[in-house]
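First to last, the protein sequences are chains G and Z.
Counted from 1, the first sequence has number 285 at position 285 by the working numbering; the numbering is strictly sequential.
To convert a position in the second sequence, counted from 1, into the working numbering, add 1000.
Read the hints as simulated data drawn from the structure, not as lab findings.
For every residue, glycine included, the Cβ atom is placed at its ideal position computed from N, Cα and C.
A couple of the hints might just be wrong.
[As the list claims (entries may be wrong)] Calculated lysine to aspartate or glutamate pairs in the EDC-like style (CA-CA distance at most 16 Å, straight line): (1) G:LYS247 / G:ASP228; (2) Z:LYS1158 / Z:GLU1046; (3) Z:LYS1077 / G:GLU81; (4) G:LYS128 / Z:GLU1046; (5) G:LYS149 / G:ASP61; (6) G:LYS270 / G:ASP245.
[To be verified] What the simulated footprint calls covered on chain G by chain Z, stretch by stretch (three residues with Cβ under 8 Å from a Cβ of chain Z suffice, anywhere in the stretch; the number is not a length): (7) 45-54; (8) 77-83; (9) 87-96; (10) 100-110.
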Amino acid sequence: MLSVQNVHKKMGQTNVLTNVSFDVTPGEIFGFLGPNGAGKTTTIRIITGLMPATHGTVTVDGFDVSTDRQQALSRIGAIVENPAFYPYLTGRENLIHAMNLIPGLKKVDLNALGALVGLETKLDMKVKQYSLGMKQRLGIARALLHNPKVLILDEPTNGLDPAGIADLRNYLRHLADHRGIAILISSHLLSEMELITDRFAIIDQGQIKSIQGDGEAKTESVILCKVDRKQMNEALDVVALAFDDVKIIQQSAETFIVPRPETDIPHLLKHLVDRNIAVYQIGMKHETLEEQFLKVTKKEGGTNNAFITSQ
Amino acid sequence: MRSLLANEFMKWRRTIKPLIALGMYTGIIILTYFIVRSGDNPGDAETFVNYATMAAMTFLGIFTIVFTAEMIGNELKFDTLKHLLMSPYSRDRILLSKLVAALLIMLVQFVFILAVTYGFAWTLDGALTFEQFRNILLSVSSGVFVIFLTLMFSVVFKSVGVVIGFTVLANFVSTMIGGLLIAWKPAIAKWIVFLHTDLSIYYQSPGFMETMDVTIWFSAFYVLIHIVAFYIITAFVFRSKTFAE
Chain G
1 MLSVQNVHKK MGQTNVLTNV SFDVTPGEIF GFLGPNGAGK TTTIRIITGL MPATHGTVTV
61 DGFDVSTDRQ QALSRIGAIV ENPAFYPYLT GRENLIHAMN LIPGLKKVDL NALGALVGLE
121 TKLDMKVKQY SLGMKQRLGI ARALLHNPKV LILDEPTNGL DPAGIADLRN YLRHLADHRG
181 IAILISSHLL SEMELITDRF AIIDQGQIKS IQGDGEAKTE SVILCKVDRK QMNEALDVVA
241 LAFDDVKIIQ QSAETFIVPR PETDIPHLLK HLVDRNIAVY QIGMKHETLE EQFLKVTKKE
301 GGTNNAFITS Q
Chain Z
1001 MRSLLANEFM KWRRTIKPLI ALGMYTGIII LTYFIVRSGD NPGDAETFVN YATMAAMTFL
1061 GIFTIVFTAE MIGNELKFDT LKHLLMSPYS RDRILLSKLV AALLIMLVQF VFILAVTYGF
1121 AWTLDGALTF EQFRNILLSV SSGVFVIFLT LMFSVVFKSV GVVIGFTVLA NFVSTMIGGL
1181 LIAWKPAIAK WIVFLHTDLS IYYQSPGFME TMDVTIWFSA FYVLIHIVAF YIITAFVFRS
1241 KTFAE
């Protein structure tokens, strides 16, 4: 539905984006992760026609954003950076303004749309009286006004309370599953992205470092084991004997991880118990999105310090 | 295009400034009415229309600059321009809608000024002439010129205040220098476009333009060349600028 192919963007002498490629299919929620200045917003600006790419193509439902702008952009609903509105207009008037920007758009039931995002009683308030969370909701309502095939949300959970974030998550899932909308979300809230996305790309220094979730489990899982610290060395020997070609990582004086699937836990436990090693805890540890993100950006020499600070 | 114009009118209408503008036009016209009527030798309808429109048109010029500067300036201020630019409409069409809206908004105010002025004029003695009405209509040309100039500045500068400042300064300084040059070097003065923008001057103060040895057609054509050039520059900048923060 949304296809970004070999997109380059050069500003002055700087390559802001280099060979950025990914696809988002109908009904999929695709995450776009990266530290500040990685190129996320530039990519989104190119997709939404705000900025031309130096090279490469962006197509929406087969229509090229640069050559078939009207067809392509009429299929996109987006919040870029932050939901911006005319503060002296009401929420309803802002939505009418947005309706007027879509050629050929038929009448939209704004009350129903307002109810959908929980603003049914607030639509006739001026936007300057809205909280940031209400603006986010209105922004999503505006993005959905014309039933887009692709929804692009830049930091959509900014300003939402936990209940609002959960509502948004459920609603986006509903949109993807029931309406088949392809959703691209850029966010710094990695834990949220982990819950919401089907796949995600990690971008750093203008390059896609990794696309996770292509036909595989979204996150890697390992066996985490806690033993008596006096028996740690013996335990590591036992694990080495139990599994060939496995890189055991000692995390602390009493814990180590073994990159093996859950089905190997009984096998590992049996070996440890047979050697009278006191096992205090054993189970699966899932690598978080944040760990994957940091691993990818660090491995590539990325600058994720700004990102860590921003958390 | 109609929907884009509807948007521009909605944004203009929903602020307090149009009410302030219309209130000021009415106020200045009423004030002129009482001044003309006062004293032992009260003025007639023609005198009143002359002074009232002159005063109100000065305010119209100022408000035209403000409203036009805000058309793009407020979009930058509220960060809403990106929302306009990612609509399926082309940038050329969005810019054209803003230009047409600015012209129509000026015309709406102009018609309001005419209606109020002539409404009061009917209560006064004396006949109203077509020549006077023609002169008032011709004076709109300076408003049209100012719209194109302001729109050009507003795609270059981010701040509404700077756009208004530059437009007023350009107008003021050029007119002042032109005024000085007319007596001294009229052959140079005639190339200062600001001296040609108000075409009614050919009927109200014909000697002023005769000094420069120019005709109304020269002025009209010279102003037209400028507004076309301004629009080409505006469209080029608006089309190529990213408007990213």
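Quick rundown of the hints versus the structure:
no., hint, verdict
1, G:LYS247 / G:ASP228, "21 Å, violated"
2, Z:LYS1158 / Z:GLU1046, "43 Å, violated"
3, Z:LYS1077 / G:GLU81, "15 Å, holds"
4, G:LYS128 / Z:GLU1046, "47 Å, violated"
5, G:LYS149 / G:ASP61, "8 Å, holds"
6, G:LYS270 / G:ASP245, "19 Å, violated"
7, 45-54, "holds (count 5)"
8, 77-83, "holds (count 4)"
9, 87-96, "holds (count 5)"
10, 100-110, "holds (count 4)"
Checked against the numbered hints listed earlier, the structure breaks hints 1, 2, 4 and 6; every other hint is satisfied.
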